[in-house]
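Generate the whole structure from the sequences, applying the supplied hints.
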Amino acid sequence: MYATMLRIRRAEERARELYAAGRIPGFIHLSIGQEAVAAGVCAPLRRDDYLFSTHRGHGHLIAKGGSLRGFMAELYGKATGCCKGKGGSMHLADASVGYLGANGVLTSGCVLAPGVGQSIQMRGTDQVAVTVFGDGAANRGPFHEGVNLAALWKVPVVFVCENNFWASTTAHDLSTAGGSIAARAAGYGIPGATVDGNDALAVYHAMESAVARARAGEGPSLIEARTVRFMGHFEGDPQGYRSRGEVEGGRQRDPIVRLRAHLEEAKLLDAAHAARVAAAVEAEVQDAVDFAESSPLPAPEDALQDLFVHYPWSD
Amino acid sequence: MPVLDFGDALNLALREEMRRDRRVYCIGEDIVLGVPFGVTKGLAEEFGPARVRNAPISEAAIVGSAMGAAITGLVPVVDMHFADFVTCAMDEVANQIAKSRYMFGGQISCPLTLRMPYGIGKSAGGHHSNSVEAWFVNIPGLKVCIPSTPADARGLLKTAIRDPDPVLIFEHRGLYRVTGEVPEAETLVPLGLADVKRPGTDVTVIATARMVGESLAAADRLAGEGISVEVVDPRSLVPLDREGLAASVRKTHRVVIAEEGPMRGSVGAWLAWVIMEACFDDLDAPIVRVAGPNIPIPFSPPLEAFATPGAADVVDAVRRVVK
Ligand SMILES: Cc1ncc(C[n+]2csc(CCOP(=O)(O)OP(=O)(O)O)c2C)c(N)n1
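Chains A and B are the protein sequences, given in the same order.
So for the first sequence, this note's numbering puts the first residue at 1; every next one is plus one.
So for the second sequence, this note's numbering puts the first residue at 1; every next one is plus one.
Treat the hints with care, since some could be wrong.
As the list claims (entries may be wrong) - Reference listing, derived: stretches of chain B covered by chain A, where coverage requires no fewer than 3 residues with Cβ under 8 Å from a Cβ of chain A:
1) 27 to 38
2) 49 to 58
3) 92 to 99
4) 240 to 249
Unchecked claim - Restraint-style ranges between C-beta atoms, simulated for each label pair:
5) B:42 to A:236: 15 to 23 Å
6) A:293 to B:19: 34 to 42 Å
7) A:96 to B:102: 48 to 56 Å
8) A:304 to B:312: 15 to 23 Å
9) B:38 to A:304: 28 to 36 Å
10) B:183 to A:245: 56 to 64 Å
11) A:257 to B:108: 45 to 53 Å
12) A:189 to B:68: 41 to 49 Å
13) B:48 to A:236: 24 to 32 Å
Keep in mind that the hints were calculated from the coordinates and are not lab data.
We put the CB at the ideal spot given by N, CA and C, even for glycine.
What follows is the structure in structure tokens.
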């Protein structure tokens, strides 16, 4: 988990520099500060488990084991990107590791995941489907419809609300009635847990039991992981809506610093080992950037590819 | 005349209408700060949070509650953030708002305006970039306008707000920072009145929103080849100024229709039929259409550029009809 979090942090820091340098088009929404959620959610998952993500989904892709090269090349809009340049930062997908897509339309994953659960149930496997969404997204109808359906069908789904207390410029308290998103689980008769989303181990433990429950055929769970977004809503966001103090206070809760301290205390990590991990991550990220830089852009006419299975006789 | 950009002209229209009528209020996500396009910026300071309502991310509830308010005496202006997200409130728009007057025999009035920032650009990808106006032209009970200049944007939005029926205003996000002259005096632009953006004699280009500017650029280029292009902007699609379009076609006898949305099942297809019906005997050549390809808008710059119709496409189309 420590290496995963570092990988996400460094990949996003590099993406930030490259975006500022004009190498990456479009918008990017960084998850710096929220790495413990991605790492904790994905650690108990197998490669053949499924994950739906959000517009802020870089970390989830990396934690699920998605290719760093495919990720970085996609941010660049290159032909070698995981979506061949069609998706970009907000619409990443890497089906080879069960990452069924980030989403520019908030909350959509909440209704897609129960269907994946149904497919798992009908195919008789012990896979699990996870959907991650923001606290703002939890206020859309599909959240309620999806949780209800999953609970009704008892399908193996884990709903994870990544609560960073902001929905773009709108504060959590001004948009979310009832205060607790996890508490909404009670209305649907499923377990709901609130965890410190900056504590990777806490996220991991909550997720581990939700996954175990799902695999055992006992149905869905809802986890609310409370975390902090260090950066703006998107790169370039002037953040006029929140105070400097809040961001700096949030940085005191850096999940990577915290996990490292914990590992050192438990004598599972020493300075030399940490340096080796950091160097390996650095090399991987550099390789992904080099790959993206040296890859070709798609040919313009490739815009017409992939819409349907190709029928030679029609448009 | 003062020069304003398209976004500021819309802001001015909102301000003027909110000052004029206390029943007018704005609702949408992040509108207090005016994110992402700045159109509602500063309104909260003047009119307070009750009339400039930041809503949770709840499109169905935003649009549905606006209808509830509209049928009981208020005049909501809903900011859809990105038109692509209207799908999240499609029942409210298509089944509730659009049918409210008709299905109840004219008893209910729903004076609601839906602001629809839309369109291609800046690698925003498939969930934020599409031109979806054709969906709404297909729903009886909705009025649809689509301005191309700051003056039209302000005038149409004001008319939309005063209209007793639901009106959708499609604001191309590539136009927000385009500037133009806006009359000092409060000016309304009526729905259903096309505007000749450039007079000409050889061919009529009927264009909407961003494609109006592209068509004007094309007309400049074609003037160099001795082809005189008339650019006509319908400004509102429902109601449609059939007579205004037909008058231009009777003068030029040739037609190109230019829009950004996908070619198949589009507004341009409907306009082509309208022209064919009204002026079949006046046409000296088949109508030629410029439109986007039938794909979701891709992210990568070369792919997005491929999906973006522009002045060069209009030039090619005009050459084909005058040949
Ligand atoms: C259906 C829909 N409505 C609105 C938006 C615009 N939008 C994108 S991100 C965002 C805020 C999301 O907040 P939250 O769900 O808390 O996630 P966070 O950005 O905090 O990770 C909004 C309003 C969207 N993408 N989709």
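*What are the numbers of the hints the structure violates, in ascending order?*
3, 4, 6, 10, 11, 12
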